[in-house]
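Line order of the protein sequences matches chains A and B. Just so it is clear: in the first sequence, position 165 is 165 by this note's numbering, and no numbers are missing. Counting the second sequence from 1 gives a position; this note's numbering is that position plus 1000.
Please note: incorrect hints may appear among the correct ones.
[To be verified] No farther apart than 30 Å at their CA atoms in a straight line, the calculated lysine-lysine pairs in the DSSO-like style are these: (1) A:226 x A:179; (2) A:201 x A:179; (3) A:4 x A:179; (4) A:172 x A:215; (5) A:14 x A:73; (6) B:1234 x A:73; (7) B:1110 x B:1181; (8) A:73 x A:4; (9) A:14 x A:215; (10) A:207 x A:14; (11) A:73 x B:1181; (12) B:1110 x A:73; (13) A:99 x B:1234; (14) B:1110 x A:14; (15) A:176 x A:226; (16) A:172 x A:201; (17) B:1181 x A:99; (18) B:1234 x B:1110.
Don't read these hints as lab results, they were simulated from the structure. Bear in mind that the values here come from a model prediction, so they are computed numbers and not experimental data.
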Amino acid sequence: MILKVDAIHTYYGKSHILHGVSLEVGEGEVVALLGRNGVGKTTTLKSIMGLVPPRSGSIVFNGREITRLPAYKVPRLGIGYIPQGKHIFPELTVLENLKIGLIRGKLEGDSLKGTFNYFPRLEERLDQMGGSLSGGEQQMLAIARALITNPRLVLMDEPTEGLMPLLVRLMKDIIKSIKGNGVSLLLVEQNLGTALEVSDKIYIMEKGMIVYEGKPQELAEDEEVKLRYLGVSV
Amino acid sequence: MGQGSVGGYGALPQRYFVMDLLSQIIFQAVNGFVWGLIIALIALGLTLVFGLIEVINVSHGALYMLGAVLGWYMERLFGNFWLALAFAPLMVGIIGLGIERAVLRPIEGKPAMTIIATFGLMLIFHQSVLATFGGAPQRMREPIQFGFSIMGFGYPGYRLIVAAFSAATMVGLWAFLYKTKFGLWMRAVRQDREMALAMGVPLNGVYMLTFGLGAFLAALGGVLAAPIVTVEFKMGLDILIIAFMVVIIGGLGSLLGSVVAAILIGELEGIASVFINPTNARIFSLVFMIIVLLLRPHGLFGRKA
Ligand SMILES: Nc1ncnc2c1ncn2[C@@H]1O[C@H](COP(=O)(O)OP(=O)(O)O)[C@@H](O)[C@H]1O
Ligand SMILES: [Mg+2]
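Put together the whole structure using the sequences plus the hints.
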């Protein structure tokens, strides 16, 4: 078990958003978290990252309790975060965007090269400002930035949102190759197809609670669940 | 047009007696530039703190004053101005770190509270200096006694050194921001604090160091200015107002804007003081600020929020 989230309750000020969310990500697994807009998927990831610390419940990463860890220490333990909506730093260069996560040590040639195998276009644009990249390139930069630190677990928030089909294809390949490198992944998705194709386990959220857990094959065949929680009809 | 208060910033020693109108204008242009650079240092501190921590630091002028007063004491103690210049800003910088940690952090994200708190700090610094240093203005000797002769007028060598030193400090600040990891963190925090945090940037540490750096810059300006102006507890009030005007004219949070605006204001008030009473030269700056804001509501280099 690389990540175990146990009955967390998270609030924004007075509004109670997560009502006891529990989920587990196994070593080397890709776990998808699905659900309609506004059910609390992003809040779940932010709770794990310590950006919006839960008021109760516990989060254990790699055998270590991280629930009340200061947020800046969470990525240093080996969790990469790829936020929803391409949150790169627009006025840092591509290279600086990549450097920012490397708290210790230098940007190593190896990890850079490995990253650029996926993202050759970034290598050509190292000195350009992040904000001058196209939407797809910004998404690639956000992913490269998270991977360059060699994390053990990656949290991805709707990576295919707003991407053109070609890039969605690329994104699926990236996810598979992250998994191929033994890195675990918690993937928030709205796109059922992507989740079914790449994940080992699927959770569905509704109103701040986990309402379904199953294998992709099981969900693929469960028309009632798909219709009720995802609004997908066949 | 009294020779006694050049540009409003301190009397010139008698040996630098300015002759005709043209010489006066050239003199004031040079002097305005020097002052602009000192003001730029101070305004940079203010705008750094505002841009990153979103704190409007009302005590910034008092930190400038504290630098000058500590510098004055140290100059007496060591008998050496340059030692004072090395240590007084560091001490005030450390005080700044403490202020961020003890006063500002508990009220983080409450702009009204931070204004009240830094106003309170200003009063505390004023009263402490009054109680120890006293209320009488003191002078500090210029550490370098020789003067230059530029186009027929004499100019104190010390002020040119101040200009060079200020410019070097700005280059150093630029290198810090653009060439060091901490500088990278500071720029990242400015753009997106939540993402910076999620990338492992220690936000509280960055805030603390930024405020310390702001205090350091204010105090550095204070020590540099001490031999030019008179040292007294309320010397920071005027500077606070100028620094705020500079930050607004340059564009909130814009470092380059602050430097450009500081030099413009320095020149404007300097040259205006040839023709009108130096205390009234401030009117020109106000008018200038109003014109800039009418034409560019976000300042010379400012962007829409
Ligand atoms: N910063 C915030 N402050 C207050 N409420 C928020 C904030 N962010 C999200 N919410 C609310 O929390 C709920 C869950 O949001 P979110 O986790 O972003 O959902 P999802 O990612 O599943 O679309 C929504 O009702 C949203 O309006
Ligand atoms: Mg979301």
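Practice item. Please write out, lowest number first, the hints stated earlier that are contradicted by the structure. Key: 6, 9, 13
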